[in-house]
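Student: Here the sequence shown is numbered in my numbering, starting from 244 and rising by one per residue.
It is possible that part of the hints are untrue.
[As the list claims (entries may be wrong)] Cross-link-like lysine-lysine pairs, in silico, DSS-like; alpha carbons within 30 Å at most:
(1) Lys395 with Lys381
(2) Lys381 with Lys337
(3) Lys400 with Lys324
(4) Lys337 with Lys366
(5) Lys324 with Lys381
(6) Lys366 with Lys395
(7) Lys400 with Lys337
(8) Lys400 with Lys366
(9) Lys400 with Lys519
(10) Lys324 with Lys366
(11) Lys337 with Lys519
(12) Lys395 with Lys337
(13) Lys366 with Lys381
(14) Lys400 with Lys381
(15) Lys337 with Lys324
(16) Lys366 with Lys519
(17) Lys395 with Lys324
Please keep in mind that the hints were generated in silico from the structure rather than gathered at the bench.
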Amino acid sequence: MKCTRVLMVRLLTSILYLILGLLMLTSCKKEKNSNEIGIDEVTTGGNVRLVTVDYLPSDQTLTAITLKNQASGSAGSVHVKLSLDTAVSAAGAKLLPTNGYVTPALEYDVAANSTVNVPLTLKRSNLPPEAVYGIGFKIETSSAGTISTNAKSIIVKFDLRNRWDGIYRATGTMVDIAAPTITGYFPQDIAVSTTSPNQVTFIPRDLGIPGFLILSGTSLSYYGSFGPVLNFNSSSNQITSVVNSYGQPASNTRSAEIDPTGLNLWDPATKNIHIKFYMKQPNTVTTAPNIRVYFNVTLSYQGPRF
244 MKCTRVLMVR
254 LLTSILYLIL
264 GLLMLTSCKK
274 EKNSNEIGID
284 EVTTGGNVRL
294 VTVDYLPSDQ
304 TLTAITLKNQ
314 ASGSAGSVHV
324 KLSLDTAVSA
334 AGAKLLPTNG
344 YVTPALEYDV
354 AANSTVNVPL
364 TLKRSNLPPE
374 AVYGIGFKIE
384 TSSAGTISTN
394 AKSIIVKFDL
404 RNRWDGIYRA
414 TGTMVDIAAP
424 TITGYFPQDI
434 AVSTTSPNQV
444 TFIPRDLGIP
454 GFLILSGTSL
464 SYYGSFGPVL
474 NFNSSSNQIT
484 SVVNSYGQPA
494 SNTRSAEIDP
504 TGLNLWDPAT
514 KNIHIKFYMK
524 QPNTVTTAPN
534 IRVYFNVTLS
544 YQGPRF
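Work out the full structure, taking the sequences as your base and the hints as a guide.
Tutor: This is the structure:
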């Protein structure tokens with residue numbers, strides 16, 4: 244009986260060693276020959292990537308996605324084929340128009356344990372800054388290894404608005420020397436909208452066109468044919484000038500001008516804008532320098548326009 248038990252123990256032990264050996268062999272084979280191909284940005288940030296780039300008129304080449312070959316052991320280079328995906332609306336983007344970019348190469352060789360950047364050139368002059376544009380990338384085939392199920396596709400969105408663009412809440416003071424019953428309407432929410440690489444225009448939320456809301460007595464109003472436009476120095480974020488969106492001057496003689504005694508800048512730490520400026524109107528205030536309205540405004544950043 245004792246011998247039978249010893250034999251059974253030895254047999255079970257041998258079987259366990261055999262199973263362990265097979266498992267180790269299988270594991271070694273998997274490590275030696277396996278590799279997984281994926282889009283690196285998906286693993287770190289999800290299936291939608293937002294690329295914020297300063298609005299500039301010239302073409303710009305940037306990295307759209309990064310292909311990663313997570314090879315192990317002796318697994319080698321793979322040949323990857325990509326395709327472009329036009330279904331971007333669900334990601335909150337407008338399809339990048341075909342004249343807005345140079346079609347990228349869609350086939351790449353990715354060495355073991357390495358990455359390859361996929362560049363995309365934006366044709367900036369063909370992309371007005373009123374939208375966030377997007378294009379999708381998808382791994383279609385790989386010559387070896389396994390395409391990662393969770394990292395095989397991504398939508399890349401491009402935000403071309405300049406850095407000063409956004410929704411702001413305006414507070415401050417306003418004095419109209421020609422009509423003292425007209426006073427400032429504060430706070431008011433203003434869309435500071437990109438209109439050129441170094442320029443933004445004020446569009447009050449409750450007005451919907453370039454302008455600046457005021458109170459005429461107790462009634463909400465605005466100055467006709469007058470909308471502040473700010474020009475920035477892109478290096479210093481200083482406001483270099485303020486002009487009128489409707490002409491400098493407009494047909495009613497109204498123009499805008501910066502008050503040099505103000506801070507007149509965008510603060511990159513807070514994203515707030517500090518600006519002092521005038522509205523000039525020679526047909527009403529006939530004595531030079533023809534200043535009718537004095538504005539001293541702080542615009543506190545609330546978030547992006549869209």
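Student: The structure should be examined with respect to each hint, and the outcome stated for every one.
Tutor: Hint by hint, here is what the structure shows:
Of the pairs offered as hints, the one joining Lys395 and Lys381 holds, with about 6 Å between alpha carbons and a cut-off of 30 Å not exceeded. At most 30 Å may separate the alpha-carbon atoms for a hinted pair to count; Lys381 and Lys337 meet this at roughly 18 Å. For a cut-off of 30 Å, the pair hint linking Lys400 to Lys324 stands: about 21 Å separates their Cα positions. Under the criterion of a C-alpha separation no larger than 30 Å, the hint pairing Lys337 with Lys366 is consistent with the structure, at around 15 Å.
Simply put, Lys324 and Lys381 have alpha-carbon atoms about 9 Å apart, close enough for the 30 Å limit, and the pair holds. Taking the CA atoms of Lys366 and Lys395, the gap is near 26 Å; set against the 30 Å cutoff, the hint holds. For the given pair, Lys400 sits about 9 Å from Lys337 by alpha-carbon distance, which is consistent with the 30 Å threshold. Taking the CA atoms of Lys400 and Lys366, the gap is about 15 Å. The hint holds against a cut of 30 Å.
Our distance criterion of 30 Å between C-alpha atoms is broken by Lys400 and Lys519, whose separation comes to about 35 Å. Among the hinted pairs, Lys324 with Lys366 is consistent with the structure: their alpha-carbon atoms are about 24 Å apart, no more than 30 Å. Pair hint Lys337 plus Lys519 does not hold up; C-alpha atoms about 36 Å apart against a cutoff of 30 Å. For the proposed pair Lys395 and Lys337, the alpha carbon gap of about 22 Å is at most 30 Å, so the pair holds.
Only pairs whose Cα atoms come within 30 Å are accepted, and Lys366 paired with Lys381 is accepted, the gap being roughly 22 Å. Under the criterion of a C-alpha separation no larger than 30 Å, the hint pairing Lys400 with Lys381 is consistent with the structure, at around 15 Å. Distance check on the hinted pair: Lys337 and Lys324 sit about 25 Å apart at the alpha-carbon level, within 30 Å; holds. A distance of roughly 36 Å separates the Cα atoms of Lys366 and Lys519; the hinted pair therefore is violated under the 30 Å criterion.
Proximity of Lys395 to Lys324 is assessed by CA-CA distance (about 11 Å); at most 30 Å being required, the pair is judged to hold.
In this structure, the earlier hints numbered 9, 11, 16 are contradicted, and the remaining ones agree with it.
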